[in-house]
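Student: With the hints as a guide, dock the two chains, each given alone in a separate frame, to form the complex.
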Amino acid sequence: MVDATFIAMMVVTVGGAIFALEAEEIVYGAIGLAASLFGVAALFFLLNAPYVAVFQVAVYIGAVAVLILFTVMLVRQEKWSKELPANAPSRVAGVVTGLAIVVALIVAVASTNLTSETQLQNTASFLQIGQLISSTYSPVLEILALVLGAAVVGALTLSRVDRQGPEEGEKQS
Amino acid sequence: MNSLADFVLVSAMLFGIGIYGLITKRNALRLLFAVEIMINAANLNFVAFEQYSPGLPGPQAALGQTFVLFSIALAAAEAAVILAIVVVAYRLHQDVDVSELKTMEG
Chain A
1 MVDATFIAMM VVTVGGAIFA LEAEEIVYGA IGLAASLFGV AALFFLLNAP
51 YVAVFQVAVY IGAVAVLILF TVMLVRQEKW SKELPANAPS RVAGVVTGLA
101 IVVALIVAVA STNLTSETQL QNTASFLQIG QLISSTYSPV LEILALVLGA
151 AVVGALTLSR VDRQGPEEGE KQS
Chain B
1 MNSLADFVLV SAMLFGIGIY GLITKRNALR LLFAVEIMIN AANLNFVAFE
51 QYSPGLPGPQ AALGQTFVLF SIALAAAEAA VILAIVVVAY RLHQDVDVSE
101 LKTMEG
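As given, the protein sequences belong to chains A and B, one line each in that order.
Be aware that the first sequence starts at 1, since it is given in the working numbering, and climbs by one per residue.
Be aware that the second sequence starts at 1, since it is given in the working numbering, and climbs by one per residue.
For reference, chain B alone in the conformation it holds in the complex (with noise of 0.2 angstroms):
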């Protein structure tokens, strides 16, 4: 059987491959990614951790996985719009380059 701290061990190593990411990179669309990853650590954690303890009585015993549920919609709704404003970004200066992005103006 996987011991908890497997799971916890995975989602280490997403977090850190997901700092990497937003401290090294410089292309919005790889920030996306680089922030998308750290979500899914986070998620993880929060089911594993959920599924490895006895949890409480009644229908809070899915308390971990509706908050799960919840943090997967809000990330698709964050995916949305920050592509909305990569798209703009491109329109208005043909690169998404963050560090040449200075203006916000739309």
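One chain only, chain A, in its complex shape (with noise of 0.2 angstroms):
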């Protein structure tokens, strides 16, 4: 049996997910977006992941989220909400092909006994985790560092105002 918790968090999850996706308003796609990312984080801690769960919420939602947040709020235009009925064959081609996917694997699981599985067996501390990230895989954090400085320096490079040569479009940015 599943508990309460358990059921409003995935109905947050999937609730948010889909209505980050069919929102008319793509800035209220984007709080639903956090919503869902706020539902996985929920999912997390009932899995007795409590360190996962807050970097998650620190991460995505902190970070993530509200860059999304900004950068919609940047590039909106009042036609996106209006263009939404899309062409109907990739609708009904997207709702097939995710139904499908979505019914293999509930088949999937169906097939096996994971549905025996109710005890949380794994007790890891996050002490562990900090043991495993400062030994085992330090060079993987090493160039995980690089690679967000690498990818901070080149969204700066991209984004950047040419202030030399101003051309057609840059002049309401």
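Keep in mind that the hints were calculated from the coordinates and are not lab data.
Note that CB positions come from ideal geometry on N, CA and C, so glycine has one too.
Just so you know, not all the hints are guaranteed correct.
Stated by the list, open to error - Reference listing, derived: stretches of chain A covered by chain B, where coverage requires no fewer than 3 residues with Cβ under 8 angstroms from a Cβ of chain B:
(1) 42-53
(2) 98-109
(3) 114-124
Tutor: Quick look at the structure:
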């Protein structure tokens, strides 16, 4: 049996994901995405992985969702909310493909004995995460830092406004 | 208690929603939403399977959580680069429709 917290967080996660893609106003969609990410963080709490959950809230909701929200407000256009009725074939194809994947995964899970796994057996704490990050996987951590630095520098270089030669499209930005 | 299959079910639904978004949407920001949802589905699966298994001895028991931390950090870097590309595309074309973006010139 599943408990009520799980049901609520599943509704928040899946509903937020659907709302993120289907909301008419894309700003509300970004907020729906933040709700979905928060639901996943709560599911991490239910899985007895509090460090990952807090990391998810800090990085995804604190950084990524806010970044997306600001970018959406920067580039938003009114016509996006009006031209939503996309061409029907691609929409039908998307719904059919998504449902097919979900049904296939559910059938695959139903054929296993995953439903009988009801005990959280792993007692790993954040101490062990710290040991792993700082000993075995410290090269990964350093390369990840390089990747993050390169990504930030690349993003800044891409979005830099060239003050020397103003072009046509740069006047309102 | 929740079983492992419940978490896998949520993960599968998130993944299906992400696939649907990737197929139907033409707005670059919506595509970014779909990709983020699919990354979250993968992370949730990772942590769920790790926590319901006995795990390796010693500090290796936290292997799945450690990989999810790395995955979250990579997703943040990816989102930053994609959003910069979106801003540049909007500055050049006044639109972020990916079917209209034929050029990738700076």
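Student: All hints, please: hold or fail.
Tutor: Status of the hints after comparison with the structure:
Given as covered by chain B, the region 42-53 of chain A passes the check, having 8 residues with a CB less than 8 angstroms from a CB of that chain where 3 are the minimum. Residues of the region 98-109 of chain A with a Cβ under 8 angstroms from some Cβ of chain B number 7, which satisfies the need for three, so the listed coverage holds. With a threshold of 8 angstroms between beta carbons, the proposed coverage of the region 114-124 of chain A by chain B holds, since 11 of its residues qualify and at least three are required.
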